[in-house]
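Enquirer: Listed below, chain by chain, are the residues.
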Amino acid sequence: MAEAALSASEAKTRRSPFAGNALPIAIFLLFAVVPLFAAFRAEAYVLSLVTRVMIFAIAALALDLLIGYGALVSFGHAAFIGLGAYAVGILASHGINDALISLPAALALSGLFALATGIVCLRTKGVYFIMITLAFGQMAYFTASSLAPYGGDDGLTVRMRSTFAGLPVFANDRALYYICLIALLGAYLLCRTLVASRFGRVYRGARENPLRMGTIGFDVYRFQLVAYVIAGMLGGLSGFLLANAAEFVSPAYMSWQRSGELLIMVIFGGIGTLNGAIVGAAAFLLAEEWLSGITKHWKVIFGPLLVFVALFARGGLIGVAERLRRMIRG
Amino acid sequence: MPSPTRGEGAVAAALLAETSTPVMSTTLLIVQTLNGLQLGVLLFLIAAGLTLVFGVMDFINLAHGVQYMLGAYLAVMFYGLTGNFLFALILALGATLAFGLLLEFAVFRHLYDRDHLDQVIATFGIILFLNQGVKILWGASPLSLPMPEMLSGSVVLMPGILYPVWRLVIIGSGLGVALLLYLLVSHTRVGMLVRAGATNAAMVSALGVNIRRLFMIVFGFGTMLAGFAGIMIAPILSVEPGMGDTILILAFVVIVIGGIGSIRGAFLAALIIGLVDTLGRSFSVDILRLFMAPSPARTVGPAIASMLIYLLMAVVLYVRPAGLFPAKGR
Amino acid sequence: MAEAVLRIQNLTKNFGGLRVTDDVTLDVMPGELHAVIGPNGAGKTTLINQISGLLAPDAGTIMFAGEDVTTMPVAGRAQRGLARSFQITSILPRFSVLENVALAVQARRGTSFRFFGHAADEEELNAPALAALAQVGLAERADAPAGELSHGEKRALELAIALAMEPKLLLLDEPMAGTGHDETERLVAVLRSLKGRFPMVLVEHDMTAVFALADRISVLIYGRILASGPPAQVRADPQVVTAYLGEEME
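Chains as they are written, first to last, in this note's numbering: chain A, 17 to 346; chain B, 2 to 331; chain C, 770 to 1019.
Next comes chain A alone, as it looks inside the complex (with noise of 0.2 Å):
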């Protein structure tokens, strides 16, 4: 499984702060330099795909906390988005559109729906923790079905982006884009520290081995627990996001197909590196995007890929990089 996990001792030996992150800086730096290129041609759409990609590279990297650091491999992750969108769209629907409101709203449902699953979940172990994610998920997506006041099925219109202190800060998609970029960077700092903090080391320690953990003196329940609330809260932030950038919310932001696609975006970029994390996202929604406009079947084609990536491409597209760059050092 996670062959590249960024062990701290080897973070320690790398002592400039630079070295070795070569490539999130690049990363970061080209999400920041898009717009300006954007402004040549087809402005919205671009700026609307590369927002699309860093909000899901929230949600992802959320998700390579629990399964790549913590092998909490949870099929219900796009609940906690579904539950930050709807937070939106229904204080929107009632005329409440002042981030100050809805983004705290955002974070505390999908953090309290963390907390209530995860205290249920974290009981179980192997494919019945994958199992009882995916029952969790599908509860919240029947739930959003049924709000008829709310849209139902057909899901919710978001009249009007949300606002900050009254200033329509999230309208202008530019302005939208940058806001999703420093949410990216803060979440991607977050999950860094998290990982190496002595918080961390137990967390990281738990995956390794409950056994020992728990011979040494920790409760790894519990630590699991606060891990599992950080990622449903960051996947709450990422709906938030979605909300303002679709303009809509629907229950099919929470279905298990959508959760297995964050499973396929992280496997895809190489789990428990978190930078595989964004770049995963980012490989699974361009190729879905430049895949769609080849062929309206072009799932035929995605679908065989996605076999031989769990068939050969072990440890995602990094671990493929890292394998080429040992072979090209000789």
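Think of the hints as simulated: they come from the structure by calculation, not from any bench.
Quick list of simulated restraints, FRET-style, between CB atoms:
#1 A:I310 / B:L138: 16 to 22 Å
#2 A:L128 / C:R883: 20 to 26 Å
#3 A:I310 / B:P143: 23 to 29 Å
#4 B:I91 / A:T311: 32 to 38 Å
#5 B:F88 / C:L787: 55 to 61 Å
#6 A:I135 / C:D827: 26 to 32 Å
#7 A:D189 / C:R883: 37 to 43 Å
#8 A:P320 / B:M293: 49 to 55 Å
#9 A:T209 / B:L176: 54 to 60 Å
#10 C:F885 / B:A207: 45 to 51 Å
Simulated coverage check for chain A against chain C, where a stretch passes if three residues somewhere in it have a Cβ under 8 Å from a Cβ of chain C:
#11 211 to 219
#12 231 to 244
All C-beta atoms in this analysis are idealised placements derived from N, C-alpha and C, irrespective of residue type, glycine included.
Based on these hints, arrange chains B and C on the given structure of chain A.
Expert: Frame of chain A, contents of chains B and C only:
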């Protein structure tokens, strides 16, 4: 991605639509109980193969749902060629088995040693590929399969209760298969090996059994059961791309509640879920009306009904984190 | 009369029809090294698992440092100073040797719900960790990935992790299992240097090591304590000789 809006709701709605709407609630209760049994039996046919493959080979096969779908499509195709339901049934079973074995040989057998995550990704890819594939071959609109003339009527079970013969055939054949499986698993040598394999596959292999061949037999059999389920349900439901997706989730809920690797568990859990889901959907509003006003009951009722089985799974897993009858030792 | 650090009374455990722990009563006094010996299948590891909390007994009580821990979960007992090493090495292979031990230190020093800062660089944790490693002779291997250690070195690491917990009681489940002659001698020397600092329960097959270290020996046969007392007494006990030692001493 496959549409999440149809599926369970449609399955239940279609099953409900067939029955006449009697005024008396006991009549409705009896009819819905039979419908619940029918759903349960159907779920068992699918879950049996799933739990065996999971129990013996430790392989999460998300693509099991498309085997079910393929059975239905092949039956429609062969019926178009032969005009005879029985011929179509036999040919479709054979073709489903052949295709399943092909998949096993080409893709699945390379995944038995892998992470569950890799298996999820690969089989998810197969779902995408086949869902799109049937769309290309047969178009996206739903197809239908007529049931055999002499079994297409209704029969009077009790004064005032008319019940479709075909549904009784499904219940009967499902119970028959269950009995057959029970006899095979507990009274034949192969069955004993399968049970042993579900408890400890490494040990069975170490004893010199040709584990490859055992796996193939288990897989092939499971595939045929799923295909059989698809063929039998085709005359009642519409045959369309993605029909396997929601039934797959239900089947996973069944095997998780029943305990992975246990056919007995799958049988019990399938019947429970079939009954809970069907009766829940029919009577949720009425039951809730005992506790609350009609208007909120009508919104909350269907929502709770769709979540019911997931709530059930969560409760079971909370109390028994490995299901009711786990095959592997506790 | 000093209070026993560990007091087990009438401990019983059944696996189906098999009685694996049969009415075991045992105590460990402060500073003593109490060895538990017996043939394979006698239930020694099961006993250790019940003491450390991995297995729940069917009957009986376990008192640790004056507290009833019979139903307390593993982490709780560890937090109170109950340390153990495993018969089959249980470490974190992808972490460095130092981090393996630093984690044990971390469990005792301050809260682990700290979300900022670089844990691997904390001197407050690394210094005691290095000290523990030095005691078992692994100081030079501190930065190596734990998975790359030799078998004997891993056994020593297990010991270092337990030491870093500043234990009130140390449970050692066959620390010499699979080690060669030199490694065994080294481990015996380390254990001898630790004697008296805290009480230890030593489960071992290696009789030379047992008789060199033990203050008291309890003999476990088919889940029951056959004899318990100073080494000389146990060695001479005719029942013990027939049941177990007779073959071993050959």
